Amino acid sequence: MQTERTEAKKQYGFNKLQKRIRRETGKAIQQFSMIEHNDKIMVCLSGGKDSYTLLDTLMYLKRVAPIHFDIVAVNLDQKQPGFPEHVLPKYLDSIGVDYEIVEEDTYSIVKDKIPEGKTTCSLCSRLRRGILYKTAKRLGATKIALGHHRDDMIETLFLNMFYGGKLKSMPPKLVSDNGEHVVIRPLAFCREKDIARYSEAMEFPIIPCNLCGSQENLQRKNIKMMLNQWDRQFPGRIESIFTAMQNVTPSHLVDNELFNFDAVKATGVETKEGDTAFDAPSFNQSFTPEDDDEPISSAIQITQIA
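Once you know that position 185 of the sequence shown is 185 in the working numbering, the rest is easy, because the numbers rise by one and skip nothing.
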């Protein structure tokens, strides 16, 4: 009896988690018009928890969405020594999704160009991006879907501020470097810890990104540690940061190209975003857990083009 109650509780928790990820993905797709009728979505599958969760969630949304779109999963086999080539084809065959494994020996190029002990991720990423763009064009994909989530976007914000001097993050939707593709991040509203729990519960066949022997980007690792500490010490801070990324007031920053300060004149008319330099900052925002009982369909109003 105790075992049955434990299993029921575990299943209930999983259902809430799955529902939350699906709802937040649907919300991002709707809010940023990521998917349109008759799109062909190329899902970049690395073998990590994020891309597995992305593919799983998009396959579900494809079944329930009010529009039609196709999915093709693409993995780039970079010929890293020890790469388990059988894992992804076996999994993709089991779930019945169209897929392609692209074989390109970028491993040898990276090892030839990057000195021993240096981080290889930057060059590897550039090479991978170019190959995936060519693959998307060949397959006729209209969108390229990546598995970056909310925490990736926040980490990138701080990386750019701390090390690049820019107020810049990962956008949920953008045009590719070569101007030929639209790249989307449907997991933009999803938390990494939710994705990790979901991936573990689903028992996805994870392929670790350590086969090339490269070091994890130290700067990003430090940012992640800082944010995790904040999350433990100050509950709600991470949510507040992400909310701030969606509530930008250009007139209260100092970028002269973003806001025309030359045009600022006294008008005699009260403005909502006027001078509050002498006012105490307001901290009214409170964060409460989202209602996991909200119908999924309310968050999956995917854009339809007539």
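Think of the hints as simulated: they come from the structure by calculation, not from any bench. There's no promise every hint is true.
With a straight-line Cα cutoff of 30 Å, these simulated DSS-like cross-link-like pairs (lysine-lysine) come out [said to hold, decoys possible]:
no.: 1; residue 1: LYS49; residue 2: LYS62
no.: 2; residue 1: LYS137; residue 2: LYS79
no.: 3; residue 1: LYS143; residue 2: LYS173
no.: 4; residue 1: LYS265; residue 2: LYS27
no.: 5; residue 1: LYS111; residue 2: LYS62
no.: 6; residue 1: LYS9; residue 2: LYS40
no.: 7; residue 1: LYS9; residue 2: LYS62
no.: 8; residue 1: LYS9; residue 2: LYS49
no.: 9; residue 1: LYS79; residue 2: LYS27
no.: 10; residue 1: LYS166; residue 2: LYS224
no.: 11; residue 1: LYS19; residue 2: LYS173
no.: 12; residue 1: LYS49; residue 2: LYS134
no.: 13; residue 1: LYS19; residue 2: LYS134
no.: 14; residue 1: LYS173; residue 2: LYS221
no.: 15; residue 1: LYS137; residue 2: LYS173
no.: 16; residue 1: LYS134; residue 2: LYS62
no.: 17; residue 1: LYS90; residue 2: LYS111
no.: 18; residue 1: LYS79; residue 2: LYS221
no.: 19; residue 1: LYS90; residue 2: LYS79
no.: 20; residue 1: LYS224; residue 2: LYS272
Since the structure is predicted, the reported quantities are computational estimates derived from the model, not experimental observations.
Each hint tested on the structure:
At roughly 20 Å between alpha-carbon atoms, LYS49 and LYS62 fall within 30 Å of each other, so this suggested pair holds. Of the supplied pair hints, the one linking LYS137 and LYS79 holds, its CA atoms being roughly 22 Å apart against a limit of 30 Å. Of the pairs offered as hints, the one joining LYS143 and LYS173 holds, with about 10 Å between alpha carbons and a cut-off of 30 Å not exceeded. Between the alpha carbons of LYS265 and LYS27 the distance comes to roughly 39 Å, so the proposed pair goes past 30 Å and is violated.
With a C-alpha separation of about 40 Å, the suggested pairing of LYS111 with LYS62 is violated against the 30 Å cut-off. Of the supplied pair hints, the one linking LYS9 and LYS40 is violated, its CA atoms being roughly 38 Å apart against a limit of 30 Å. Taking the CA atoms of LYS9 and LYS62, the gap is about 29 Å. The hint holds against a cut of 30 Å. Between LYS9 and LYS49 the CA atoms are separated by roughly 24 Å; this keeps the pair inside 30 Å, and the hint holds.
Pair hint LYS79 plus LYS27 does not hold up; C-alpha atoms about 37 Å apart against a cutoff of 30 Å. A threshold of 30 Å between alpha carbons decides the hint, and for LYS166 with LYS224 the separation of about 18 Å falls inside it, so the pair holds. For the given pair, LYS19 sits about 23 Å from LYS173 by alpha-carbon distance, which is consistent with the 30 Å threshold. Of the supplied pair hints, the one linking LYS49 and LYS134 holds, its CA atoms being roughly 25 Å apart against a limit of 30 Å.
In summary, the hint linking LYS19 to LYS134 is not supported, as the alpha carbons are separated by about 34 Å, beyond the 30 Å threshold. This hinted pair checks out: LYS173 and LYS221 have alpha carbons roughly 25 Å apart, not beyond 30 Å. For a cut-off of 30 Å, the pair hint linking LYS137 to LYS173 stands: about 18 Å separates their Cα positions. For the hint pairing LYS134 with LYS62, the CA-to-CA distance comes to about 25 Å; that is within 30 Å, so the pair holds.
Between LYS90 and LYS111 the CA atoms are separated by roughly 29 Å; this keeps the pair inside 30 Å, and the hint holds. Distance hint between LYS79 and LYS221 is fulfilled; the C-alpha atoms sit about 26 Å from each other, no more than 30 Å. Proposed proximity of LYS90 and LYS79 is supported: the alpha carbons are some 18 Å apart, at most 30 Å. A C-alpha spacing of about 36 Å is found between LYS224 and LYS272, which places the hinted pair above 30 Å, so the restraint is violated.
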